[in-house]
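If you want the building blocks of each chain, they are given just below.
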Amino acid sequence: GAGVSQSPSNKVTEKGKDVELRCDPISGHTALYWYRQRLGQGLEFLIYFQGNSAPDKSGLPSDRFSAERTGESVSTLTIQRTQQEDSAVYLCASSSQTGNTIYFGEGSWLTVV
Amino acid sequence: RKEVEQDPGPFNVPEGATVAFNCTYSNSASQSFFWYRQDCRKEPKLLMSVYSSGNEDGRFTAQLNRASQYISLLIRDSKLSDSATYLCGGGSSASKIIFGSGTRLSIRP
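Chains as they are written, first to last, in our numbering: chain Y, -11 to 101; chain P, 29 to 137.
Simulated from the structure, these hints should not be mistaken for lab results.
Incorrect hints may have been included.
[Stated by the list, open to error] Once the Cα atoms are required to be at most 25 Å apart in a straight line, the calculated BS3-like pairs of lysine-lysine come out as:
| # | chain 1 | residue 1 | chain 2 | residue 2 |
| --- | --- | --- | --- | --- |
| 1 | P | Lys107 | P | Lys73 |
| 2 | P | Lys30 | P | Lys73 |
| 3 | Y | Lys(-1) | Y | Lys45 |
| 4 | P | Lys107 | P | Lys70 |
| 5 | P | Lys107 | Y | Lys(-1) |
| 6 | Y | Lys45 | P | Lys30 |
| 7 | P | Lys73 | Y | Lys(-1) |
| 8 | Y | Lys45 | Y | Lys5 |
None of the values given here were measured: they were computed from a predicted structure.
Working from the sequences, and respecting the hints, build out all of it.
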């Protein structure tokens, strides 16, 4: 079936604006992750959803960041009042269950100007 | 201390060389370990899962040392196409997968 799908693939926004990034996981995958990767840097864990359990939000860098997931399907990452340091690629990944191999989407490249 | 740490490199080795990367993890509860490969401006893709007994896939060998809490990746007879960033990740059945910052590998002709 289809892989992890993310949209938009590229987004340029003005400082102070809100952005929403969307992730469609692989069908049937119960675990969903968001990571941030700044240019030339590693993967920074943001948030993780597993089924109907409370999400692990321990990686969200500030209260400007939030994420939701509807059941075991689509997830939305929202960044409010964007700052230039938010510029990065935001990668979504899913797995059939926690601890299993995770599969990444192509990412949403965010540029804040 | 970061939960997963890697030598960032870069490693610059000639074609045909053998190169090894290590990755240490601090969470002793971690049970699942992976090596991912990431090409420039692309998403990470699974290279190998890492099993307790060690595993091999062609030129690539992964090892897990639970006592010392590290995993390793060995690449033999390196090819130009092996040039990439290699990310190690670990987690447990009850928690998320955390990645290291990646090790950059450059193979020269």
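Evaluation of the provided hints:
no., hint, in the structure
1, P:Lys107 x P:Lys73, "18 Å, holds"
2, P:Lys30 x P:Lys73, "22 Å, holds"
3, Y:Lys(-1) x Y:Lys45, "24 Å, holds"
4, P:Lys107 x P:Lys70, "19 Å, holds"
5, P:Lys107 x Y:Lys(-1), "35 Å, violated"
6, Y:Lys45 x P:Lys30, "17 Å, holds"
7, P:Lys73 x Y:Lys(-1), "23 Å, holds"
8, Y:Lys45 x Y:Lys5, "22 Å, holds"
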